[in-house]
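Let chain W serve as the given structure and place chain A on it in line with the hints.
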Amino acid sequence: DGGITQSPKYLFRKEGQNVTLSCEQNLNHDAMYWYRQDPGQGLRLIYYSQIVNDFQKGDIAEGYSVSREKKESFPLTVTSAQKNPTAFYLCASSLDISYEQYFGPGTRLTVT
Amino acid sequence: DQQVKQNSPSLSVQEGRISILNCDYTNSMFDYFLWYKKYPAEGPTFLISISSIKDKNEDGRFTVFLNKSAKHLSLHIVPSQPGDSAVYFCAASLNTGKLIFGQGTTLQVKP
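If you read the sequences in order, they're chains W and A.
Under the working numbering, residues 4 to 115 are what the first sequence spells out, in order.
Under the working numbering, residues 5 to 115 are what the second sequence spells out, in order.
Think of the hints as simulated: they come from the structure by calculation, not from any bench.
The structure presented is a predicted model; accordingly, all values stated were derived computationally and were not measured.
Glycine included, every Cβ here is placed at the ideal spot set by N, Cα and C.
Careful: at least some of the hints might be erroneous.
[What the hints assert, rightly or not] Pairwise CB distance ranges, derived in the manner of DEER restraints:
1) W/Thr113 <-> A/Ser73: 20 to 28 Å
2) W/Val55 <-> A/Ser16: 41 to 49 Å
3) W/Gly19 <-> A/Ser32: 40 to 48 Å
Chain W on its own, in the form it takes in the complex (with noise of 0.2 Å):
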């Protein structure tokens, strides 16, 4: 059945690694993003991708890559450069870039 994947569902890296989380989905979505969410915050936006081969950067980009080769697929990168890379990761999709958006479970990342 249709859906979005993210793994792993929890994720643990030494400061000064880069790591990288998988999004997968089969919904033939056009649209894809990465969220962060941080306690007591709402979800803010690091990149989004319209179509292969193509993104933008979102409102907190910095610290952060992603690659969209394909259609189903949209990594992102946490690199060493990012501050305070520890936070609950979200992908999510869209038909295109007008409609709702659908969530994957998320990656608890943890960098110590």
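Positioned in the frame of chain W, the structure of chain A alone reads:
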């Protein structure tokens, strides 16, 4: 600058009663509003939406009201059920499709 605000961090209601969750926004260019429900350690699930050209949208127990002059929207859940206990986020969209989320309101429905 917070363009979408949910000023009540939490709300507690009795089962069977009405839950009213509120959301205020500052950008009059927002053209679409959505409500999402989120359980701990899970992704948000889409609940209901409303276009800026409407003032009400209803789906079963859930109704969203939009007051454009006040830049205010609300989500009514009636009757409330214990399974409705979750964090509710309102979100607003510009024509670009980017969603701006509020901080969330934690709803607790007591049996």
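Hints, verified against the model:
A beta carbon spacing of about 45 Å between W/Thr113 and A/Ser73 contradicts the range 20 to 28 Å that was offered as a hint. Checking the proposed 41 to 49 Å range against W/Val55 and A/Ser16 shows it holds: the Cβ atoms sit about 46 Å from each other. Taking 40 to 48 Å as the suggested C-beta distance range, the pair W/Gly19 and A/Ser32 conforms, at roughly 45 Å.
In terms of the numbered hints stated before, the structure departs from hint 1 and from no other.
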